[in-house]
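Using the UniProt record's numbering, the first residue of the sequence shown is number 1, and each one after it goes up by one.
If you are wondering where the hints come from, they were derived from the structure by calculation, not from laboratory data.
Ideal placement from N, C-alpha and C gives every residue a C-beta, glycine not left out.
It is possible that some hints are incorrect.
Estimated spans, in silico, between C-beta atoms of each pair [as the list claims (entries may be wrong)]:
| no. | residue 1 | residue 2 | range |
| --- | --- | --- | --- |
| 1 | R315 | I34 | 29 to 37 Å |
| 2 | T249 | V178 | 42 to 50 Å |
| 3 | E261 | A226 | 53 to 61 Å |
| 4 | E339 | I383 | 41 to 49 Å |
| 5 | S259 | E321 | 34 to 42 Å |
| 6 | E269 | Y429 | 50 to 58 Å |
| 7 | E17 | Y429 | 40 to 48 Å |
| 8 | V295 | S12 | 39 to 47 Å |
| 9 | S296 | K373 | 22 to 30 Å |
| 10 | E321 | K221 | 47 to 55 Å |
| 11 | T117 | G20 | 19 to 27 Å |
| 12 | G161 | S217 | 17 to 25 Å |
| 13 | V295 | Y341 | 32 to 40 Å |
The calculated lysine-lysine pairs, modelled on DSSO-like cross-linking and capped at a C-alpha distance of 30 Å, are [unchecked claim]:
| no. | residue 1 | residue 2 |
| --- | --- | --- |
| 14 | K330 | K116 |
| 15 | K7 | K55 |
| 16 | K58 | K25 |
| 17 | K330 | K131 |
| 18 | K330 | K369 |
| 19 | K129 | K7 |
| 20 | K219 | K131 |
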Amino acid sequence: MAPPKRKSFFKSEYSNEFQGITKSKTGDEFAHCIPCNFDISLVSTGKAAIPHHLKTEKHKKAAKAANSALAITAFMPSTSAPTNLDRPTAAAEVSIALQEIAGVPFSISIDSSNHKTIKLFPLVVRYFKPKSGISVKVVDLEALSGETSAEIYDWIMKILGRHKLDIAQLVAFCGDNVNANFGGAELAGQRNIYTKLKAHRNNLIPNFETKDLAWISLKEKKVPRAEVMSLAEQIAPELNDNELFDEITTLNETLETISDEKFGEMNAEQKWMKLFEAKLPNLLLLVSKILSIPVSNACVERVFSLCSAQWTDVRNSLKVETVKSLAQIKLNYDLTCPEMYDLLISSPKLLKMIMGENSVTIVDQQRNKRIFKSLCLIICVNIGGYYLHIAFRLFILPLFKSPITNWVGFVISAIPLIISAISNAPILYITSSKYRNAFDYTIKKLLWTSAAHPSPSNNTRKTDNKCLVFHKRTT
Numbered sequence: 001m002a003p004p005k006r007k008s009f010f011k012s013e014y015s016n017e018f019q020g021i022t023k024s025k026t027g028d029e030f031a032h033c034i035p036c037n038f039d040i041s042l043v044s045t046g047k048a049a050i051p052h053h054l055k056t057e058k059h060k061k062a063a064k065a066a067n068s069a070l071a072i073t074a075f076m077p078s079t080s081a082p083t084n085l086d087r088p089t090a091a092a093e094v095s096i097a098l099q100e101i102a103g104v105p106f107s108i109s110i111d112s113s114n115h116k117t118i119k120l121f122p123l124v125v126r127y128f129k130p131k132s133g134i135s136v137k138v139v140d141l142e143a144l145s146g147e148t149s150a151e152i153y154d155w156i157m158k159i160l161g162r163h164k165l166d167i168a169q170l171v172a173f174c175g176d177n178v179n180a181n182f183g184g185a186e187l188a189g190q191r192n193i194y195t196k197l198k199a200h201r202n203n204l205i206p207n208f209e210t211k212d213l214a215w216i217s218l219k220e221k222k223v224p225r226a227e228v229m230s231l232a233e234q235i236a237p238e239l240n241d242n243e244l245f246d247e248i249t250t251l252n253e254t255l256e257t258i259s260d261e262k263f264g265e266m267n268a269e270q271k272w273m274k275l276f277e278a279k280l281p282n283l284l285l286l287v288s289k290i291l292s293i294p295v296s297n298a299c300v301e302r303v304f305s306l307c308s309a310q311w312t313d314v315r316n317s318l319k320v321e322t323v324k325s326l327a328q329i330k331l332n333y334d335l336t337c338p339e340m341y342d343l344l345i346s347s348p349k350l351l352k353m354i355m356g357e358n359s360v361t362i363v364d365q366q367r368n369k370r371i372f373k374s375l376c377l378i379i380c381v382n383i384g385g386y387y388l389h390i391a392f393r394l395f396i397l398p399l400f401k402s403p404i405t406n407w408v409g410f411v412i413s414a415i416p417l418i419i420s421a422i423s424n425a426p427i428l429y430i431t432s433s434k435y436r437n438a439f440d441y442t443i444k445k446l447l448w449t450s451a452a453h454p455s456p457s458n459n460t461r462k463t464d465n466k467c468l469v470f471h472k473r474t475t
């Protein structure tokens, strides 16, 4: 029996070699011809299928029609098209949501799901903070080409490194009970993600019994010292036993003073947030590790549900990067509109990257106006001072008797003024990016507004000051 033929896949260099050829959204085994709007199968003949298609009469006619037709954007340029977010921008967005994880124990959860021919892998982190409680964040969502333990492990390490998440703080790894993740029910073998992560993080929690963690719910208003100390030896051996013992004693004394009625209505997370208002660093580290352990894979399934809701019959061409951004904004930010506005205003670098190079905010507008006014004032002061000096030399000095003295004094004193008057503006423009940007922005805005937009009428509706203002992108 003849062995099956090896499938051919699209390569990025095909786009550079063949004009009008891109990767198809149908799958990796297809190339897409833009003029024909046709998917070329690469399964059988591979790269040779592309030049064969380019020689067909159908493609020649479509290419000729495309070259002779202008796109609608040539007549109606878009002023509202979203800008493309590069990797640094996306990383900056996620970094804002992950800032509070620094130095905090966390766990990671992964899973996989198919969307057509794409295999999606989300990476979700869970952690506990005494002020905000348990938080679950979507760190990344990518389409991986394979499902081997080596590929997934390399991807996990790349994402953790990209967002500066210290693997030394990793507590647990959650995933499907498949061999690639755990090596089976017995956690056997070396070629699985759990074993590879454990090589970096030896104290990774392999499993636990819920009976050993019953005290974490605080249903009994007394924490058993023996169980806590025993658990600390297993998952937090770095803790100081004596200090932990004293903190347990302090905790039990505090529990006796709390009202049963109010305390009983709280869940375990809220109870610990209340108790950690006191300084209990060793207990905080131990409880943070326990509460960061995922109780199920519901958080990952929620990501898949959100992704499926974005890919509809109408919006079936969304890229994975776009869906990932939507999922991160939806799940990572529990903010109202004013809070999100304040967050973006406090991060001007991120806001600039999101809005594009030629877009500015209201804050930028006000700053640019102040800078431009100061630049004009500097120029006027220098020129005005120069003419005042000329007037002084012409009308005051002639009253003196010695013409040679007057002429020499005039020349010598005028040279510095002339140099300062003509050099201040160019120096500021060359050396200061803020002055340069303000000057370019204001001049372009004045020219574009006077040429393309008349002054608004009195009936124009005023917009809220708390909004993001986008301007026409210059070409």
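Checked hints:
no. : hint                    : verdict
1   : R315 - I34: 29 to 37 Å  : violated, 21 Å
2   : T249 - V178: 42 to 50 Å : holds, 45 Å
3   : E261 - A226: 53 to 61 Å : violated, 29 Å
4   : E339 - I383: 41 to 49 Å : holds, 48 Å
5   : S259 - E321: 34 to 42 Å : violated, 50 Å
6   : E269 - Y429: 50 to 58 Å : holds, 57 Å
7   : E17 - Y429: 40 to 48 Å  : holds, 44 Å
8   : V295 - S12: 39 to 47 Å  : holds, 42 Å
9   : S296 - K373: 22 to 30 Å : violated, 60 Å
10  : E321 - K221: 47 to 55 Å : holds, 50 Å
11  : T117 - G20: 19 to 27 Å  : holds, 22 Å
12  : G161 - S217: 17 to 25 Å : violated, 36 Å
13  : V295 - Y341: 32 to 40 Å : holds, 34 Å
14  : K330 - K116             : holds, 23 Å
15  : K7 - K55                : holds, 23 Å
16  : K58 - K25               : holds, 21 Å
17  : K330 - K131             : holds, 21 Å
18  : K330 - K369             : violated, 36 Å
19  : K129 - K7               : violated, 49 Å
20  : K219 - K131             : holds, 21 Å
When each numbered hint is compared with the structure, violations occur for hints 1, 3, 5, 9, 12, 18, 19.
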